[in-house]
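Residue numbers (my numbering), protein chains in the order written: chain A, 1 to 56; chain B, 1001 to 1213; chain C, 2001 to 2228.
Incorrect hints may appear among the rest.
Take a look, some chain C residues computed to stay more than 10 Å from chain A by CB distance [unchecked claim]:
| # | residue |
| --- | --- |
| 1 | 2020 |
| 2 | 2110 |
| 3 | 2188 |
Here are the simulated EDC-like cross-link-like pairs (lysine to aspartate or glutamate), alpha carbons at most 16 Å apart as the crow flies [claimed, not checked]:
| # | chain 1 | residue 1 | chain 2 | residue 2 |
| --- | --- | --- | --- | --- |
| 4 | C | 2213 | A | 36 |
| 5 | C | 2213 | C | 2073 |
| 6 | C | 2213 | A | 34 |
| 7 | C | 2213 | C | 2078 |
| 8 | C | 2102 | A | 5 |
| 9 | A | 29 | C | 2216 |
Think of the hints as simulated: they come from the structure by calculation, not from any bench.
None of the values given here were measured: they were computed from a predicted structure.
Every residue gets a Cβ at the ideal spot worked out from N, C-alpha and C, and that includes glycine.
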Amino acid sequence: MSSGEKYVAAAYGVFLVFVLFWVVIISTKLARLERETGELARLARARVAAGEPTDG
Amino acid sequence: MSAYLADVAALARKDLRLELRARDTLPAMLLFVLATLVVFHFALPADVGDDPAYGLLWVALVFTSLLGLARAWVPEREAGALDGLVLAPTDRSAIWLGKTIASLAFLGAAEVVALPAFVLFFAPLDGPALAGVVLASLGICAVGSLVSAMAAASRGREVLLPLIFLPLAIPIVVGGVGASISEEPSKFLAFLGLYDAVFAILSWAAFEYVVTE
Amino acid sequence: MSMKTPSLTVIASGAATLAAVAVVMIFFVAPEDADQGLSQKIFYVHVPIALTAYACFGLAAWKAFRLLTTRGERYDLESYTGVHQGTIFGALTLVTGSIWAKASWGVWWTWSSNQLVLFLVLFLFYCAYFMLRFSIEAGPRRERISAVYALFGVALVPVSFLAIRLASDFIHPTVFTRDGPQMTGEMFAAFCASWASITLLAYVMYRVELAGKRTDANLRELREALAS
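I would like the entire structure built from these sequences, with the hints used as guidance.
The structure is reproduced here in structure tokens:
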């Protein structure tokens, strides 16, 4: 590849990498949110089962 | 309107009187700017000419004003007085204006020492350069009073103020250095005037949002 | 998702389609620039990214303004997300700009390219936004201070543009002159396609990011409620 082609590839490649990096970060966040909602759902279920009112 | 201006004058006078009694900020600023200029002499190689010196003058002015601005809200904070001022039946923006005028007085005093020292150590300052200093000082104090109030609300206050002030100060430095060394200083002076107008109005309008709980 | 704007699926599909169209146009339709050769193609990705960064900061400032004037709860996170996205695209602008500088002029950085320099200033400014935000206790005070700061940022943008015009810059090529683009019709079309797709992509990212932040905040509230 000529040097011109390398730089063009680098520029577009960097863009792709940034976006993919963002995907990684946001999916990590989503996984954490999923875990936390699961925990809270379990807590709420336990509360309901024990007959206590869950805060509305 | 006159009540507003009376409030502003009272607030500015209070700051000046406090400083005259305590005498901690202004001497520090004076000494700091002189020491900085001396450091710059050793930082500049012998054969660079005058232009780099003008750049460094602006660095010295910005950092000296940071020193003053860092202490700008300390009297209020220590006495718990800022909440009192905010609750008082005065337009909150008057607090900002009073503080800006007081800061301007302090910065001006520092410049009265710094500018002759600069001319003595480095290079002459012509009319446009001095006009640049005046306009830049207005901008620095207008923005600085607001930004320093923001920093005062945070946990990491001393560290935070330079971080949030410096990017805003960069156009001021561009205008000031341009006024000092360019062939056409008038457009840089006009730019400084525009900066002052835009950011003074913004700071004046936004101040109450920064200080109310 | 609000009922007024088209669904996120539609927008994301649009972004993907336009991206495909843009790539085809950039590499197969638009002619090669006579002066710069192949490296001119970087323009099609660098400039839309820069414009998108500005748009994100503008959006953040608009939401900040709404927060200060209407006290609506939602605007704080929307403004924060705008700054977040703008900073990502801002960093991208600096990196692609640096690559373009290397391709065009042989240096990774040049202070004489005022556009690059002033984007650096903006990037520094918005990085400080995060420092400011993280050092204040959560609550209405933090929301208001963040909003004021975001508004100051957007005032800094035109001031930056002025500084570019003032200090005359003859190295960084300004493609759009006052009379119109100095480029062929095909190049302009390719640019528009690229710009549209990157803008839509940024919007999708903004919505996803915002949903994440909102869910986080809701979860925190839920947790506190259930723990009591």
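These are the hints, each one checked on the structure:
1. For residue 2020 of chain C, the requirement that its beta carbon stay farther than 10 Å from each beta carbon of chain A is met, with the minimum near 14 Å.
2. The non-interface label for residue 2110 of chain C is consistent with chain A: the shortest C-beta to C-beta separation is roughly 15 Å, beyond 10 Å.
3. For residue 2188 of chain C, the shortest C-beta to C-beta distance to chain A comes to about 19 Å, beyond the 10 Å cut-off, and the non-interface label holds.
4. Distance hint between residue 2213 of chain C and residue 36 of chain A is fulfilled; the C-alpha atoms sit about 14 Å from each other, no more than 16 Å.
5. Under the criterion of a C-alpha separation no larger than 16 Å, the hint pairing residue 2213 of chain C with residue 2073 of chain C is consistent with the structure, at around 13 Å.
6. Simply put, residue 2213 of chain C and residue 34 of chain A have alpha-carbon atoms about 13 Å apart, close enough for the 16 Å limit, and the pair holds.
7. The hinted pair formed by residue 2213 of chain C and residue 2078 of chain C meets the criterion: a straight-line CA distance of about 9 Å does not exceed 16 Å.
8. At roughly 12 Å between alpha-carbon atoms, residue 2102 of chain C and residue 5 of chain A fall within 16 Å of each other, so this suggested pair holds.
9. For a cut-off of 16 Å, the pair hint linking residue 29 of chain A to residue 2216 of chain C stands: about 9 Å separates their Cα positions.
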